[in-house]
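*Asks:* Okay, here's what each chain looks like letter by letter:
Number of protein chains: 2
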Amino acid sequence: MPIQEQADERRPEWEIPSGVFIVTLRTPTRVNAYAAGWVVRVSEEPVMIQVAVWDQNYSHELTEDCDHFVVQVLQEGQESVARHFGRNSGRDMDKLAGFKTHPGVSGVPILDDCLAYLECEVVFRQTFGDHKVLVGRAVNSRVQCEGCALVYDYEDYQ
Amino acid sequence: MPIQEQADERRPEWEIPSGVFIVTLRTPTRVNAYAAGWVVRVSEEPVMIQVAVWDQNYSHELTEDCDHFVVQVLQEGQESVARHFGRNSGRDMDKLAGFKTHPGVSGVPILDDCLAYLECEVVFRQTFGDHKVLVGRAVNSRVQCEGCALVYDYEDYQ
Chain G
1 MPIQEQADER RPEWEIPSGV FIVTLRTPTR VNAYAAGWVV RVSEEPVMIQ VAVWDQNYSH
61 ELTEDCDHFV VQVLQEGQES VARHFGRNSG RDMDKLAGFK THPGVSGVPI LDDCLAYLEC
121 EVVFRQTFGD HKVLVGRAVN SRVQCEGCAL VYDYEDYQ
Chain A
1001 MPIQEQADER RPEWEIPSGV FIVTLRTPTR VNAYAAGWVV RVSEEPVMIQ VAVWDQNYSH
1061 ELTEDCDHFV VQVLQEGQES VARHFGRNSG RDMDKLAGFK THPGVSGVPI LDDCLAYLEC
1121 EVVFRQTFGD HKVLVGRAVN SRVQCEGCAL VYDYEDYQ
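Keeping their order, the protein sequence lines are chains G and A. Read in our numbering, the first sequence has 156 at position 156, and its numbers run on one by one without any break. So the number in our numbering is just where the residue sits in the second sequence, counting from 1, plus 1000.
One chain only, chain G, in its complex shape:
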C-alpha cells in the first residue's frame, strides 16, 4: 500500500499509544467498571493518576459523586477481559459478576487477576469536550504478578 494512502486512513491522535485498563468507579451508592485506554500519570510525588470517562457511558453518571476509583492494568493475554468490560454496559448488568475481587481500602472491589492496580481518592474532576477527567491520589496500590502490560491494539477489539 502506498505510504500516502495508508497515512490518509489514520488519524494522528490514534497514533498515541496506551495500555488497556479496567477502571472501577465508586460512589456512595454505586460501583461500575469500564474498559479504558486514556489513563495517565500526572504526578510522581505524591503518585496521582488520571482517568477519562466518555459522556455516553453509564460510568459518566457516576463521575459527579465518585469518591474513589481503581485503575487495573491488564497484562498481555487479557484482551477478552477488556472486551467484556468494553462491550457491556453497567446499565444492563453487573459487569463485575463472575470475577474474583477483593475490597480496597475504600471498599471498592479490585480485580484479583490483573498486572497491577492503583486505588485512588478523587481530588479533581473536569470536563473536556466529550469526556470527564478524574484525577486521584493513590492510596493503595500493588503489582500483583509478573508479566508485561497489554498495549492497546485496535485489531484486538474488532
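Incorrect hints may appear among the rest.
Claimed, not checked - A short, non-exhaustive set of chain A residues, derived as facing chain G with CB atoms under 8 Å:
hint: 1; residue: E1013
hint: 2; residue: V1042
hint: 3; residue: R1083
hint: 4; residue: L1115
To be verified - Simulated DEER-style distance windows between Cβ atoms:
hint: 5; chain 1: A; residue 1: Y1157; chain 2: G; residue 2: D112; range: 27 to 37 Å
hint: 6; chain 1: A; residue 1: E1045; chain 2: G; residue 2: S106; range: 24 to 34 Å
hint: 7; chain 1: G; residue 1: Q158; chain 2: A; residue 2: D1067; range: 37 to 47 Å
hint: 8; chain 1: A; residue 1: Y1154; chain 2: G; residue 2: E155; range: 20 to 30 Å
hint: 9; chain 1: A; residue 1: Q1056; chain 2: G; residue 2: E155; range: 23 to 33 Å
hint: 10; chain 1: A; residue 1: E1045; chain 2: G; residue 2: Q158; range: 16 to 26 Å
hint: 11; chain 1: G; residue 1: W54; chain 2: A; residue 2: D1067; range: 22 to 32 Å
hint: 12; chain 1: G; residue 1: D112; chain 2: A; residue 2: H1084; range: 24 to 34 Å
hint: 13; chain 1: A; residue 1: R1011; chain 2: G; residue 2: W54; range: 39 to 49 Å
hint: 14; chain 1: G; residue 1: E9; chain 2: A; residue 2: V1139; range: 13 to 23 Å
hint: 15; chain 1: A; residue 1: E1045; chain 2: G; residue 2: S89; range: 18 to 28 Å
hint: 16; chain 1: G; residue 1: V105; chain 2: A; residue 2: P1046; range: 45 to 55 Å
hint: 17; chain 1: G; residue 1: S106; chain 2: A; residue 2: R1011; range: 18 to 28 Å
hint: 18; chain 1: G; residue 1: D65; chain 2: A; residue 2: G1077; range: 44 to 54 Å
Said to hold, decoys possible - Here chain G is said to cover these stretches of chain A; the calculated rule only asks that three of the stretch's residues, wherever they fall, bring their Cβ under 8 Å from a Cβ of chain G:
hint: 19; segment: 1047-1061
hint: 20; segment: 1141-1149
Keep in mind that the hints were calculated from the coordinates and are not lab data. The structure displayed is predicted, hence computed values, not measured ones. From the three backbone atoms N, C-alpha and C, an ideal C-beta is built for every residue, glycine too.
Fit chain A to the given chain G structure using the hints.
*Replies:* Chain A only, in chain G's frame:
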C-alpha cells in the same frame, strides 16, 4: 527470580504503559522541547490532548504563558531522539538545533522526522503534585509516515 521478589522491586505506577513523545512548548518569546511519556487524549470531539511537565524541568518555566504545544509521536527506532531531548536541558542549549523542522500554524517548529504530530492550542493548565498539566485543542495534526509508535521501555534509557 521468585515472583514476589520481582514484584517488590516494581512500582504499580510504572506498569502503566505509554508512548514516547517529544513535546514542544511555545510562549510568545521562547520555544523548548522535552521528552515525555505522560501524554494522553482527553476528548474525542473536539480532539484534545494533555501533556505534563515536571516542575524541575526548564520547560516548566514556559508553562505559565505557553499558548501552543506540539506532541510529536516517536516511532520504533527513535530511542536516540528521546535520549537527546530527555538528557539535555533547554537551559544550556537549543535542543532543536540540527533537527529538520517546519513551522506549525502557530509558528512552533515541528519535527519532520516523527510518526505523527498534533499541534494544540492551550485551553487549560493545572498543577498536580510535582507536575503541571496542559490541555490543548488540536488545531493542526498529521500522520507523517508508516510505522509503529515507540512504546516506552525503561531499559532503553539506561
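*Asks:* Now tell me if each hint is right for this structure.
*Replies:* Verification of the hints:
The interface hint given for E1013 (chain A) holds, since its Cβ lies 5 Å from the closest Cβ of chain G, which is under the 8 Å cut-off. Contact between V1042 (chain A) and chain G, as hinted, is supported at the beta carbon level, the nearest pair being about 4 Å apart and thus within 8 Å. Taken as an interface hint, R1083 (chain A) does not check out: its beta carbon lies about 18 Å from the nearest beta carbon of chain G, beyond 8 Å. Because the closest C-beta pair between L1115 (chain A) and chain G is about 5 Å apart, less than 8 Å, the hint holds.
The hint said 27 to 37 Å for the Cβ distance between Y1157 (chain A) and D112 (chain G), and at roughly 32 Å that hint holds. Range check, E1045 (chain A) to S106 (chain G): about 33 Å between beta-carbon atoms, so the 24 to 34 Å window is met. At about 39 Å, the beta-carbon gap between Q158 (chain G) and D1067 (chain A) stays in the expected band of 37 to 47 Å. A C-beta distance of roughly 26 Å is found between Y1154 (chain A) and E155 (chain G), which places it inside the suggested range of 20 to 30 Å.
For Q1056 (chain A) and E155 (chain G), the Cβ-Cβ distance of about 39 Å falls outside the hinted range of 23 to 33 Å, so the restraint is violated. E1045 (chain A) and Q158 (chain G) have their C-beta atoms about 21 Å apart, which keeps the hinted 16 to 26 Å range intact. Checked against the hint of 22 to 32 Å, the C-beta distance between W54 (chain G) and D1067 (chain A) comes to roughly 28 Å, which is consistent with it. For the hinted restraint 24 to 34 Å between D112 (chain G) and H1084 (chain A), the CB-CB distance of approximately 42 Å leaves it violated.
Between R1011 (chain A) and W54 (chain G), the C-beta spacing of about 29 Å breaks the proposed range 39 to 49 Å. In this structure, E9 (chain G) and V1139 (chain A) meet the distance hint of 13 to 23 Å, their C-beta atoms being roughly 22 Å apart. Between E1045 (chain A) and S89 (chain G) the beta carbon distance is about 21 Å. The supplied range of 18 to 28 Å therefore holds. The beta-carbon spacing between V105 (chain G) and P1046 (chain A), approximately 37 Å, falls outside the hinted interval of 45 to 55 Å.
Between S106 (chain G) and R1011 (chain A) the beta carbon distance is about 20 Å. The supplied range of 18 to 28 Å therefore holds. Our hint of 44 to 54 Å for D65 (chain G) and G1077 (chain A) holds, since their Cβ atoms are close to 47 Å apart. Using a Cβ-Cβ cut-off of 8 Å, 6 residues of the segment 1047-1061 of chain A lie near chain G, which meets the minimum of three, so the contact claim holds. Beta-carbon proximity to chain G at under 8 Å applies to 7 residues in the segment 1141-1149 of chain A; the threshold of 3 is reached and the given coverage holds.
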